[in-house]
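Peer 1: Sequence:
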Amino acid sequence: MFYMEHGQGRPVVLVHGNTGSSRWWSRVMDLKGCRVLAPELPNFGRSGRLGVADIDVYADYLGAFMGELGLAKPVLVGHSLGGAVVMSLLARRPELAGGLVIVDGAAPGGLKTPEEHYPIIELYRTNRGFMRKALAAVTPTLTDEAFLDGLADDAMLMAPHAYAGNARALEKFDYRGRTSGFTGPVLVVWGKKDIIITEAMARATATAYPSARLELLDDVGHSVMVEDPARFKTLMLDFISSLE
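Position one of the sequence shown corresponds to residue 1 (the numbering used here), numbered consecutively onward.
Hint data in this document are derived by calculation from the structure and do not stem from the laboratory. Don't take every hint at face value.
To be verified - Here are the computed distance ranges between Cβ atoms for each label pair:
#1 G33 to E95: 21 to 31 Å
#2 F130 to R49: 36 to 46 Å
#3 Q8 to A136: 31 to 41 Å
#4 R168 to K192: 23 to 33 Å
#5 R49 to S241: 20 to 30 Å
#6 R168 to I195: 17 to 27 Å
#7 A72 to D153: 31 to 41 Å
#8 T126 to E95: 34 to 44 Å
#9 P114 to E199: 13 to 23 Å
Stated by the list, open to error - Calculated lysine-lysine pairs in the DSS-like style (CA-CA distance at most 25 Å, straight line):
#10 K193 to K133
#11 K112 to K192
#12 K112 to K172
#13 K192 to K233
#14 K193 to K112
#15 K133 to K112
#16 K192 to K133
#17 K73 to K233
#18 K193 to K233
#19 K73 to K32
#20 K32 to K233
From the three backbone atoms N, C-alpha and C, an ideal C-beta is built for every residue, glycine too.
Start from the sequences and build out the full structure, keeping to the hints where you can.
Peer 2: Spelled out as structure tokens, the structure:
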């Protein structure tokens, strides 16, 4: 798995969402006192390809990545599909993390894509301009056009079968009643301009954990780490300091 790394100190692992890459975290890698790692999951970006698109399989690769690097009790951060990935990992191996942050992530009951949307998803696979417009919609307050171009370029690197495959994987994802084994601190972040994840989904995620806090953000959409990096870093540093 390809990954970016910055800094020294407490390990923090940042897990991107669907069509994502480590670039989504590039504006927030400099967390003081932290060793920050942003891997690219299999099927995404510059990492290897798998024959399947499956949340649990992605989570298994993430767990192996953490083990290979000897990361002890990192803070795990998952965005969107990455939220489902970290949820899957800690439901099955709760001892792996010292804290959990879910940013506009899929709820424990998954995320259903209407059947009529699948032909549109297939268009993303071959049409960069269409993909760029979709990314603009999930980063509604992002004004850096060059950065958005980079996100679109990285999105087009995703394995072809993963476009529809990841949507199907999120549909079948169901960890309701299976998350409470992780008893460490949890922060659930949701942007009020998010057009994918609803407030009800964010609340369902927060109530799935015994030690969770929900942070609702005005004036950002699905992706606070690219829309308002300073706010995201403040949230992260406050959360990390509360663990000490």
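Peer 1: Now tell me, hint by hint, if it's right for this structure.
Peer 2: Going down the list of hints, with the structure as the test:
no. : hint                     : result
1   : G33 to E95: 21 to 31 Å   : 23 Å, holds
2   : F130 to R49: 36 to 46 Å  : 22 Å, violated
3   : Q8 to A136: 31 to 41 Å   : 35 Å, holds
4   : R168 to K192: 23 to 33 Å : 28 Å, holds
5   : R49 to S241: 20 to 30 Å  : 39 Å, violated
6   : R168 to I195: 17 to 27 Å : 20 Å, holds
7   : A72 to D153: 31 to 41 Å  : 34 Å, holds
8   : T126 to E95: 34 to 44 Å  : 43 Å, holds
9   : P114 to E199: 13 to 23 Å : 20 Å, holds
10  : K193 to K133             : 16 Å, holds
11  : K112 to K192             : 20 Å, holds
12  : K112 to K172             : 8 Å, holds
13  : K192 to K233             : 18 Å, holds
14  : K193 to K112             : 19 Å, holds
15  : K133 to K112             : 21 Å, holds
16  : K192 to K133             : 20 Å, holds
17  : K73 to K233              : 20 Å, holds
18  : K193 to K233             : 19 Å, holds
19  : K73 to K32               : 18 Å, holds
20  : K32 to K233              : 9 Å, holds
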